[in-house]
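Top to bottom, those sequences are chains A and B. Residues in the first sequence are numbered from 1317 upward in steps of one, following the numbering used here. Residues in the second sequence are numbered from 21 upward in steps of one, following the numbering used here.
Hint data in this document are derived by calculation from the structure and do not stem from the laboratory. The beta carbon of each residue, even a glycine, is placed where N, CA and C say it ideally should be. Just so you know, not all the hints are guaranteed correct.
Using 27 Å as the maximum straight-line C-alpha spacing, the simulated DSSO-like pairs for lysine-lysine come out as follows [as the list claims (entries may be wrong)]:
{"no.": "1", "chain 1": "B", "residue 1": "Lys86", "chain 2": "B", "residue 2": "Lys230"}
{"no.": "2", "chain 1": "A", "residue 1": "Lys1612", "chain 2": "B", "residue 2": "Lys155"}
{"no.": "3", "chain 1": "B", "residue 1": "Lys152", "chain 2": "A", "residue 2": "Lys1612"}
{"no.": "4", "chain 1": "B", "residue 1": "Lys227", "chain 2": "A", "residue 2": "Lys1612"}
Here are the in silico distance ranges between beta carbons for each label pair [unchecked claim]:
{"no.": "5", "chain 1": "B", "residue 1": "Gly182", "chain 2": "A", "residue 2": "Gln1709", "range": "28 to 34 Å"}
{"no.": "6", "chain 1": "B", "residue 1": "Gly29", "chain 2": "A", "residue 2": "Asp1703", "range": "32 to 38 Å"}
{"no.": "7", "chain 1": "B", "residue 1": "Arg139", "chain 2": "A", "residue 2": "Asp1703", "range": "30 to 36 Å"}
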Amino acid sequence: MIERILIVAGREFRQIAATRSFWITLLILPLAFAMGPIASRFLDKSDTDRVMLIDRAGGGTAKAIADRLTLEEQRRVLTALSRYVESHHLEAADPAAPWASHDRWYGDAEVARFAADGGAKAAIARIARIKRGDTPAFDIPDPFYTIVPPPPAVATASPAAIGRTLEPLLRPAEGSKAKPLDYAVFIPADFGRSPAVRLWANGAPAPAFVATLQQLLGQDLRQRFLTANGVSPAVAVASTTIAPAIAVVVPPRGSGRERVLIRSILPLACAYILLMSLILSGSWMLQGSVEERGNKLIETVLACVSPNELMYGKLIGTVGIGLSMVATWAICGLVAAFATHGAIAEIIRPALEPVSSFGAIATILYFFTAGYILVAMIFLVIGSMSDSMRDAQGYLTPVLMVIMIPVTILVQAVLRGATGTAIEVLTWIPIYTPFAVLARLGSGMPLWQIWATGALTAAFIALEVVLLGRVFRATLLASGQRIGLKQVVGLMRRAD
Amino acid sequence: MQHALRLDGVVKRFGTMTAVDGLSFTVAPGEVFGFLGGNGAGKTTSLRMVLDIIRPDAGEIAVLGKPPGREASGRLGFLPEERGLYRSMTALDTVVYFGRLKGMSAADARARGRTLLERFGLGANLKTGVDKLSKGMAQKVQLATAVVNAPELLILDEPFSGLDPVNQGLLEDEIVAAAKGGAAVVFSTHVMQHAERLCDRLLLLAKGRKRFEGTQDAARATLPARLDVVSRQSPAALDGVASATVTAMLDDGWSAWDVRLAPGRDPADLLQSCTERGMPLRRFEQHRPGLHDVFLHIVGPSEVQS
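Chain B extracted, bound-state conformation (with noise of 0.2 Å):
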């Protein structure tokens, strides 16, 4: 199968400072894939390198499987994180000019745009100036001319920030829908709750170095597993138990344990060890880390703040 993106040991410096440091990963059709990171972590540098608006230094870059150029400008649609609009243009107009830019006849254009922005709530305005549309209309402008030509490869860059919550999920219908539809959707955010709702995978960057790849699932096992357990006896000396600590003391002897298994222990093997010793059980259930736990934990406080 042919990857929608990949990078290869991608190196982009400025001046004296390393913003993008041999960072390889790869996005299949299909996919929604979270592009995780700190402001500053190099995730803009790299979407800008993906795009073909600035150039690696080293490395390679497979767009749809040639390198980054205008050629593929009609297979990709890109919402970046600072946007704007020709104040002068209608609604309409604007989403056409983009779509001519991207190869699109100006018929096809036109249709497609009326489309988009009749299923956005802005079939009224398809004629009015955009310095006459509100902050959450012309961010659906905004969004429609990234998918005008129902792009193959989706990029978007931070495409949560300033949005309104209707605005938010009309966003997050259009990704899941344009992966639906087959598109690679890559998306820049610093937001988990938003990658944790939305992606199929994941890259977690870090002073443009990657720190991890692969699927919620797999990073969330990157964290030793976290149990809330009610029994009478400790389970503290099970096999695999890092640590167990009594929260509560309930009746009849009952009590309430936080236990933390040890690094790359499976709580399934506890529970089998459980049952084998007969040890009685009224609740044994597993805290699901989120995201922003696991990011913590693999990338470290200081670029959580940053």
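Bound-form chain A, shown alone (with noise of 0.2 Å):
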């Protein structure tokens, strides 16, 4: 019997894999995401933003708007290079720079120091000489902001036609390569006697810009009521850069808020992982047994094998499809961390941490097996009652939309780190007990319910194998006559 079973599996097995769709499908996922970040390259718009400064004050308050802009990119990529060396433990690279302290929010004197100390670029050059070989590259953000001057149109026009000259630098006419300008911000003569400044943006603007704007501008116009009322000038400007000194403590990296979200990248894609190859799975799991019937095999084929042997082998083929094609995608992603010297491993190696006990690996695998054939189970019974992929459709569909769309929301819902009463529900439902665990298991659950669903999840599959084992019995020789959900119904209760 096992033998017959297997025999049937191996055909099952090589009739998809010998199949384009199967190998299209296969690459589909690894090629989308080698080149998700090329295609981003080209086709994205940069997130840097271009900013035009429009001085008619004099050029100082551009000049100290561009300043501040350029301070706070700084201050930026100061910070990611401080967690950069903190994660990395390179602080030995020199001690005394302000990335090697990790306890505070580095004020604007000593941002200035790490800037005129070369920046980014310099640090990063102390650093190479003692980093190790599989330590991976800092990369330096790219800066939010770029100035652009102003064209001589804008530059010489008159402020109440500034707006109009402005209006194609803002949105470039259809078919134009011009990049779009993001904001223009115009500082009139009488900048100080008034507080007046006009600000254009190509869309809402963003809330940390309109912020530095405001504080720079705040400055210089407290700066100016401060010196018109008595104060002198140097206490004046004094006062503006007076700020607070803010320690910073922050937990370790994969720890914290972090910690949640890591802990429940594998079992999250996981689940991800299961419900898109049963999406892309589901149609070469009906072929086979569609074939059967559509091209007069059937009799034949049970002249050789029961029915019962037929059924476990295609079940054994089509799980074993859904099983290599995540095995492959797995070995891809395994082969991209290596090709990418460690810069993948950084963010897989803290996520695998948490489930790197037997006991995790064993329960993600065990779900995401049974996930698999309590699916499979369905599509294959679906297959023996169509004559033609067109019939079999008519009901794949439906159950797709049942199986899929619950799972999605509950995938975003867990990533959201959502704990309410559906996901519960969920977890509880057999069709979605694989699912709702698999993206649960990193948000912690308790292992009285992990026991608990697999247990009903076997239970299930069990029940499955003998109720839908019946209609698959019952509907192989019946062709040419569409089979409804009561019938299916019966079929079930009528013991064989």
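Once you've looked at the hints, go ahead and assemble the two chains, each given alone in its own frame, into the complex.
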């Protein structure tokens, strides 16, 4: 019996593996991942906003804004560099450098010193002297803002006409290759006496940009106000630089709020991959059964194998296909991690740590395989009820919808850290149990729930094999009639 | 001698309809057994029960001495009425697959499959995908899947339906060869010419019930004998003659007669009677009834038309 089951499984596996669609599906995910960053480099709009400063009040204010934006960029780079140095224990490269201290919010003076010392490039050069070969490189984050000079038409436009001259820069004509301007700030000649400035934005302005602008112009106005009220200019300037020294304590990378997210990466990915592989391979699962019925093969096959042997063989073959597909994706991921010299491994390693115990691995493997069998069994019966792929699609689409929509919502909810009753309820509905358990594993599930849902899933699969097995056997030889839900229930209740 | 196949009082019902009703028969090794009946007579249902594709409601079936089941599949060959193949497989792989399902090793199934396909003229198409074969070629592959394991019991359900004349001849040769090799061959058909050419014994089935089982001669004997006689005297008065009709007046007082004997009477007795009476004869020829006539006689015209 086992031998015949394996022969059927082998044929099923080879038939699907020989199709072009299988290979396209198999490679599409790794290719999409590989192409994603490359494509985004070519297709995506740069994240750096283009800012134009038009200063009719002497140029000092625009220069101050530009300097402040540059300083904030440097602060961001310094903070990221500090985090990188802390993660890889590279402080020894220059213990006196600001990026070697991680216990505070960097003040303007420290940021200025960092920039004066050559910024990130100089720091990277110093770090390179002690960095190990397998430590990933530090990627300097792209700047948020770049300052573009005003073109002559804007620079010479009257205050009343300046909006019109900016319009084509903010929204270039369709087909134009010119990069649109994100912000234009107009400082009128009477700025100081009047607090009014004008801001044009290509969409809703980013609060951070407006806050920076407001802070800087506010300081300028306050300084002018103090001077006008008898405070000496030196004191007035000094008052604008007063800032608190904020000591910052952050948990190590991979702990705190990050911890739940990182712990959830692998289980959530498994839930997603399970769903995706089922959606992608659903039609292959139907194909074998549909072909046997449609091509009048079933009688020849049933003369050699029992309906149960045929069912188990098909189940093993299709589950084998699904698991091979997932295994291939996993191998591609590992190859990518190796090929990128640890850049991806940096993400994967902390994600693997919390699930590296035998129990965690066994739980993931169990629920993944159980989920696949559970749904594959449904697809198999759909195949046995269908004379053609068109027939089969009629059954398949609603079944996929019933599985896919709640699971997608569930995974998204878990990803957002939600822990509502709906998630709890879905965990105990057998058809969603494997997805829900996989999705929830990272955020922590009581051990008794894992055992109980595992037992529930096993019992449901056993019941499914008995009940859907009856439908499979009964419908194998019944061609030319469309079977409704009522008949399916009737066949389930009818003992062989 | 152990029967290759034995059915005893087999009944199969589908709801209120009785598809097979108390069917009993036996098939011996080396015998070609015809399973004759119109559409819906219960032939396919009976064969499906023999193959354990469906289970009888009553009665007993013994296949090669054992109850039906896949344990015997290695000794069985089956060609169903509705035939198909996996379109994405090659001709040889298809035969190997079914050979392996019947318990053959991959190597044996491959060797035997190759031999069969070459014998069927498909030597150049061993690696050709089934979807690229002509219908006639595919039929040969189907036949090869049925006989790849050199079965002891070969079951063919309407095997000639849809076959081109070349493949009909090929199939007939295979049936004869299998029987000569000691296999029992059971084939269902509603085309009597094939049964006439091949069957050692036959069973006539109508509405699920057996109407006749025996040799072709025994089947023909169920019809009253019919003779063409040319004589100068009327044979109507002779013993055993049911009717005698003149069909032609010939020269010199000779007449041609269509003579029908009473049921169960032997034409040889009539010939002896003519000789004893000194009745001159220029022709005494018995009509050999076809199985079609026998079938018509036994089951009635409505079954033939159905």
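Structure-based check of each hint:
no., hint, in the structure
1, B:Lys86 / B:Lys230, "holds (23 Å)"
2, A:Lys1612 / B:Lys155, "holds (14 Å)"
3, B:Lys152 / A:Lys1612, "holds (18 Å)"
4, B:Lys227 / A:Lys1612, "holds (25 Å)"
5, B:Gly182 / A:Gln1709: 28 to 34 Å, "holds (30 Å)"
6, B:Gly29 / A:Asp1703: 32 to 38 Å, "holds (35 Å)"
7, B:Arg139 / A:Asp1703: 30 to 36 Å, "holds (35 Å)"
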